[in-house]
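Heads up: the sequence lines are chains D and V, in that order.
If you're matching positions, the first sequence starts at 271 in the working numbering and goes up one per residue.
If you're matching positions, the second sequence starts at 271 in the working numbering and goes up one per residue.
Do not take every clue at face value.
[Claimed, not checked] With a Cα cut of at most 25 angstroms, we get these calculated DSS-like pairs of lysine-lysine: (1) Lys323(V) x Lys296(V); (2) Lys365(V) x Lys296(D); (3) Lys507(D) x Lys584(D); (4) Lys584(V) x Lys296(D); (5) Lys629(V) x Lys514(D).
What the hints contain is simulated information worked out from the structure, not anything from laboratory work.
2 protein chains.
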Amino acid sequence: QGTRDHPPAQAALRERLLSAVVSCFKRHGAAAIDTPVLELRETLMGKYGEDTKLIYELQDQGGELLALRYDLTVPFARYLAMNKITNMKRYHVAKVYRRDNPATTRGRYREFYQCDFDIAGQFDPMIPDAECLKIVHEILSDLQLGDFVIKVNDRRILSGVFAVCGVPESKFIPACSTVDKLDKVPWEEVRSEMVGEKGLSPEAADRIGEYVQLHGGLDLIERLLQDPQLSQNKLAKEGLGDMKLLFEYLTLFGITGKISFDLSLARGLDYYTGVIFEAVLLQQENEHVEEPVSVGSVAGGGRYDGLVGMFDPKGRKVPCVGVSIGIERIFSILEQRLEASGEKLRTTETQVLVATPQKHLLPARLKLISELWDAGIKAEMLYKKDPKLLKQLQYCEDTGIPLAAIVGEQELADGVVKLRDVATREEVRM
Amino acid sequence: QGTRDHPPAQAALRERLLSAVVSCFKRHGAAAIDTPVLELRETLMGKYGEDTKLIYELQDQGGELLALRYDLTVPFARYLAMNKITNMKRYHVAKVYRRDNPATTRGRYREFYQCDFDIAGQFDPMIPDAECLKIVHEILSDLQLGDFVIKVNDRRILSGVFAVCGVPESKFIPACSTVDKLDKVPWEEVRSEMVGEKGLSPEAADRIGEYVQLHGGLDLIERLLQDPQLSQNKLAKEGLGDMKLLFEYLTLFGITGKISFDLSLARGLDYYTGVIFEAVLLQQENEHVEEPVSVGSVAGGGRYDGLVGMFDPKGRKVPCVGVSIGIERIFSILEQRLEASGEKLRTTETQVLVATPQKHLLPARLKLISELWDAGIKAEMLYKKDPKLLKQLQYCEDTGIPLAAIVGEQELADGVVKLRDVATREEVRM
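If we strip away everything but chain D, and leave its shape as in the complex, we get (with noise of 0.2 angstroms):
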C-alpha cells in the first residue's frame, strides 16, 4: 500500500526528470554520496516530531535495532558528523520511507524519491541559503512547470513573534505547526485550534494572526525592523536582518520576483533553525481570478544549525542550510501533461534493428548484431530463428526504432548491408 511500480514509460520519464535535478545540482559544485536505506532507530528517533510515528522499523530479528530512513537530511547530519566532515556540499537523490496515509492521486506514497542538495559548513550568513533559493528557481524554471512563488520566512522570526505574543517558550513549536496549516485553512480554523487545542489565550492568538497573514518583500521587512515590538525581540531582530540580507542576494541572482517573505510559513520539521522556505505550483484558474491559486508544495528546505551536533559526541555543531525537491509531485504533473499531450516517450534506446527476409538467415542476424554491439550500437533482433520481414519492420515502429538493417540471401553474397530509414522507407546498401 502506497507503493508503485515504475513500468519502462513511467521510469524513462522519471530519469529524464531526475537527470534535470542532478544536473542543476552538478552545477551548483555539489558531489554525490550515498547512505544506507537503513539507519539504527536511535539515529532517528527524537528528529521529526510528531512524525515519529510514521517511521518504518524493522523486525527485531537479533543485532541492531534498525528502522528505513525517513529522509535525506538527517542520514546527511549523521554522515557529517560520525566523520568529523565540517565543509560539504553534497547532492542526494534516493528513496524515502514514510507510514503516512498515501494519496497517490496527488503524488504522496509511502515510498519516495527526495532531491536534496544540502550546504554544510560556517560561512558567512545568507550565501549558502541564497543559493538554495537560487536551485529552486532554476529546476522550477528549467521543468517549466508555470508560474511558481518561493514563500520564505525565518524560524527565528516566528520565535521572536511568538514571544512578543505572549506565548510561553514551551508552546512554540505546537504553535508553529498549527500555523503552518494557513496554506490550506482559513485563518479562523487556525486560530480556534491554537485556543482550543494548543491552550494559547485568545488575545495572543488574535495577536499572532496580524503578524501571520503578512507576506510581502524588501518593503515588509524593513516594516517589521522597525516594528516597536519586534525590533526589541533578539531573535526577530537576528532573523529579519538576516532576511534584509538574503533579499539583497536574491536581487543581485535576480529572482526576487518569484520569492515572497510570508509569515505563514512555519515547515513542519523540529530541525530546523533558521531561514525555512518553501515553492509552490501557481495555477491561474481564470483571468478573472485575483489571487493565483496553490497546487501544492514541490521544493522546500531551510537552515538546520542543530542536527549534526546531535550526532557528535562533544555536541559540535556544524551549521546546515539545503533544499529538497518534491520530485514525486512534480512527476505526477509532468505525468499528466505527458498523457494529455498524447506524446509517447521511448523507453528504450534501440538505434537499429537486425533483421532478415528470407530463412536460415540467423546466423547471419547473430554475427552482425554481435559486430554493431561491439562498436557500440545500440542494437536488437528478434528472438526468432525465421521472422517474417513485416514483423521485424512492425516492431521498429511499436518500439520506435528508427532504423533496420537487413541482411538478405543478396545482401550476403554481395559483403553488404540494407540499411532501411523505417520512417521514409529509404534504403541504402553500405
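Chain D is fixed; fit chain V onto it per the hints.
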C-alpha cells in the same frame, strides 16, 4: 553492520561503474523498470531455499506484513505476473538486502546494488540465453578487469546426472547446493558432505564425482550426448541439446574463448530451470602457475521458466532468462586499483570558480555566477564576503576546477572578466 556510506570519491567511482553497466543494457535494447524496496513477505517466501532466513522482515506496525527485497529477480517475476506481461526485456539497477554474514573486504555487504538484465517471453531456444552471456562478456571486457571465464551448465543436465547416478529426486536440490561448493573446496570434502549430511550412497557420490569434475567446450557436449547413460535421460538430453545450440550461437558471437561448459556449476537459488552461468575473474599469480586461480564470481544468472507462474493465479508460465552483474565485487576491485594507481577521481564537475581579488566585490561575484548558472555552466564561488585570491585559487587546485573567472575593480570598470587557466596560469580578458 554490513552497510556503508559512500563518500563522494566512492559515489563518483560507483556512478562511473553503474553507467558502464547500464549503457551495455541499453545497447541491448532493455527498458528500465523500478519496483519498491518493500515487498509483501509472502512474495519472497519459498523462493530462495535455505537462504530464506536471510530476508529482512519489517516490524508488524499494522497493515501488510512486509520484507525488504532479497534480489531483483523475484520482484521482476511478481511484476510480470501482476501486470500480465508475457514479453519484456528489462534492466533494473537497485539495492537489495540480505542478513548474511558480511565480509566487507571481499565486497560482501548486507545492503548492496544489483544490476539485472532479463528477457521474458516465449522465444526460439537459446537466442536470449546467448545474449545474456554476450552481455556478461561485453561488460567484463569493457571494464578491463583482466582475464575471466564464464562457466555454463544447465539444471536439466545436473538433474540428469543425479538421476543416472541413482540419486532420488527428492535429494536433487540438496545435492545441487553441495555440488555448487566445488569451486571453493576439493572434491573429497564435497563427497563427504554428500554422503554424510545429504545422505547419498557412496556409490552415487562417486559416480556424480566423475561427471561434475568435467569441463570443456563443444567436444565435451558431444561426448556427453554419446554417454550411454546420460543419453538415455530425457532431461539431460534436452539440456545437452540446448547447450550445443548455445555454443553454436556463442561461436557466432565470437566469445567461446571465454566460455567453459562446467558440470560442477550448480548455483544456489531454487528457481533456475535451465541454463545457468557464472563469470569468474582469473588471476595469474605468476607465469609458473599452470591453472589460473579464480578470485570469485562477478556475474551470474540463468533461466527460470517457472517463477512467474508462481505469482499468477492460474499458474501461467512466462519463460525468463537473465543475468545479474556482481557490481560490489567489481567495485572493490576497481577501488583497490584506483588506490594503487594514486589517481584522484574528481568528485564534482565544476568548470569554473568565480573569484574576486579585492574586498567588497561579493555583489560582482553573485551577479557573474548567476549569469554562468543560467547559461548552464557549472560554477562555484567561496561562501565568504571577502576571500583572499590565493585561497580561491587554492580551492581550484584542491578540487580540480580548471578555470577561475576573476572580476576585480579594473575588470568591473572595463566590463570584462579575466579568465585564468588554473594549471598553466595563463589569463585572458574577455
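Hints versus structure:
no., hint, result
1, Lys323(V) x Lys296(V), "violated (35 angstroms)"
2, Lys365(V) x Lys296(D), "holds (23 angstroms)"
3, Lys507(D) x Lys584(D), "violated (30 angstroms)"
4, Lys584(V) x Lys296(D), "violated (49 angstroms)"
5, Lys629(V) x Lys514(D), "holds (21 angstroms)"
When held up to the earlier numbered hints, the structure conflicts with 1, 3 and 4 and fits the remainder.
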